[in-house]
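A.B. asks: Assemble chain U with the ligands onto chain C, guided by the hints.
Note that the protein sequences, when read in sequence, are chains C and U.
Heads up, the first sequence is in the working numbering, so the first residue is 1 and it goes up one at a time.
Heads up, the second sequence is in the working numbering, so the first residue is 503 and it goes up one at a time.
No lab work stands behind these hints, which were simulated from the structure alone.
Mixed in with the good hints, there may be bad ones.
What the hints assert, rightly or not - Covered, in the sense of this in silico footprint (three residues per stretch, anywhere, with C-beta under 8 Å from a C-beta of chain U), are these stretches of chain C:
1) 307-314
2) 430-436
Unchecked claim - Among chain U residues calculated to face chain C with C-beta under 7 Å, some are:
3) His506
4) Gly510
5) Ser517
6) Trp523
7) Met531
8) Ser551
9) Ser553
10) Val622
11) Asn631
12) Tyr642
13) Asn645
14) Glu660
15) Leu664
16) Val670
17) Lys672
The beta-carbon is built from N, C-alpha and C at its ideal position, and this holds for glycine as well.
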Amino acid sequence: MSFEKRTCEISGLEIEKNSESMIKLNMATAIIFFAIGGAAGLLVLLTRWPAIHLLPVEWYYRWLTAHGLLALLVWIIFFEVALVHFGSVTLLKSRLAVPILSKITYGLMLGGTLLVVVMVLGGQADVLFTSYVPLQAHPLYYLGIILFAVGSLIAFIHFFINAVVAKKEGEYKRTLPMVSFGIMAASIIGIMSIAHGAAIYIPTFLWSLGIIETIDPSAYRLVWWGLGHTSQQINVCMMVACWYGIAAFLFKAKPASEKLCRSAFVLYILFINVASEHHLLVDPVFSTWHKIVNTSYVMHLAVLASMIHAFAVPASIEMGLRKQGYNNGLFEWLKKAPWGNPAFSATFISIVLFGFLGGTTGVIFGTEQFSIIRHNTWAITGHFHGTVVAGTTIAFMGMAYFLIPVFFKRDLIMPGVAKLQPFVYGTGITILSITMMAAGTFGVPRRHWDYNFSDAPFGYQFDSTVDIFMGLVGIGGLIAVVGGAMFVFVTLGSIFKGNKRA
Amino acid sequence: MAIHEPQGNWWQPLSKDEKIWFILALVWMLVSFLYMPIQHFIGVQNPPSESYRVSAEDFEALIEAQEEKYTVGEENGFPVVRPNPDEPVYLKASMWEWTPVLELEKDKTYKIHLSSVDLVHGFSIQPINLNLMVIPGIDYVVNLKPTSSGDFRILCNEFCGLGHHTMVGKINVI
Ligand code: HEM
Ligand SMILES: [Cu+2]
Ligand SMILES: [Cu+2]
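This is chain C alone, in the form it adopts within the complex (with noise of 0.2 Å):
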């Protein structure tokens, strides 16, 4: 089949026009709403951090809002469209199957986007990015929701009509590219967790409107998190075929084995679904035995495969690097390693992170002993900074490194910065992430104004080391809002300043 493209001549890759525009397009988007959700994280923190204390009441709970909407929502689902067009088109050498579909994902993300964002600042939608009822949103609040997620459910399914496309056009054979077929895990974990999605806001929609009378909500919250959790799996499937994707580009790396790591993300597609309930451990409702076969049974599954994963990813770097000659000893290939190249520095810091401080505290709080001793804490929020930031964040940045370049034609402008940039940021979600998981040992509540509780009947004082970690989350902040704004500068600048390329 003969369509426009062209041979990129950093990667070898053929880039067909189509998708590479919406690629540009997604991944510009991504790093813009990257860029206010972080100034939406800076606010918060200023909140939280007790010399400080920045915003009023209300204002701080319509930025935490805005915060994690953006950031977990907007951010990483934009970056996610990119990949799923990267993977089902440019890995398959293929075209955009449906360019309109593209188009429709891009206007309904954004349009929901917006609205959620005016309705949230608006002040109409006081109710956290979980909404549990019977806490209440304007309408448009839901309906802005439900427009972002049937955008991206367009985008899941579009990856199953351009893979198709691809093997009836012979441009595979057999079976897709490793990347590939982690990116397809994760859009049918997708299209699941949007299932859940649309079971919940939908019935919520109608009951803002008045058409509804209740929702129940126990079922709100067992929902609600079938689309919470799940989607979490979407963004470490992702994480994982970026991972992949950077070794084979930098160090023509290659998996040991192909059957192991396959196998891997399907025990991700299988189980993850299923282990949501170990956000409901210490809910009533539920029986020990239904949270025992949800989150204990079944998540080890999925976590067995995270273990597949974190051997196989730096063993095919180690097997690249020591090809390339660097074979002495145990450890040559690491001292060795590109370093100063952002796309390898960021994979490895997001590999090291994700399994060290993500992966063990979510092992270690998914158990109902560790729930009910940590559960709305700050130990939670510290968790999963550890997990989408300090994993998928920092592993869809090197993948921001390495694809501009290529999608773009230009250089990365500043690359001084973009080589400190994963260390900043890094070193400061690092901090951030194990102080507040430090005050959350002592009970220092997650979306909470004023831990020292002046406003309340009967006041309370916290241990007094429990001052020394709220100022070290807001050092750790600081240092991770520098590298943040490091990555938005050096990635806008490039895709708008940067050098071009012929």
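C.D. replies: For chain U with the ligands alone, coordinates are given in the frame of chain C:
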């Protein structure tokens, strides 16, 4: 390479390294998988699992009846209730208070019924840091045996509107 279709037969047996890692990972998963259920039966630090449906009106009535019978004083505008350990004890979450203040005896076991009459709240006893969800329409039964005396606070740790940060209750253990 992970960015190309694998060539030839890629459904190959695992190498030795991979096998070792896979087995180690599997064993670790089995251990941590068994840990939680085993702890559930031999340990003491487990979330309770007894709960019933209750309407807001019925729960309010139970709270009022308890206040009438067992109020022993007042603290900062809240009734202080000293319940009988042999009877059910009721604690109500509402925007943005925990009612009543409970006065419990050390080393006695109480059956505390927690419910909310409006939104979802988070029951968080400090400084021991024990956390449970309180859901409107659900009566969550917690067997509580205070093992040390003193003042304890109940924070709300689930967002419940703009007064969320002022929602602090009290338990006195004597
Ligand atoms: C510049 C880096 C960042 C900083 C300084 C930061 C800081 C914070 C702070 C201080 C909170 C508030 C916790 C609370 O008050 O309970 C928070 C919450 C949160 N953050 Fe971040 N964050 C950053 C990046 C991110 C990113 C990249 C993501 C997602 C990919 C993210 C996702 C979240 C979510 C989901 C919440 C929870 C919101 C809620 O409880 O409703 N953050 N963050
Ligand atoms: Cu509350
Ligand atoms: Cu609250």
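A.B. asks: Would you list, in rising numerical order, the hints stated earlier that this structure does not obey?
C.D. replies: 2, 4 and 13
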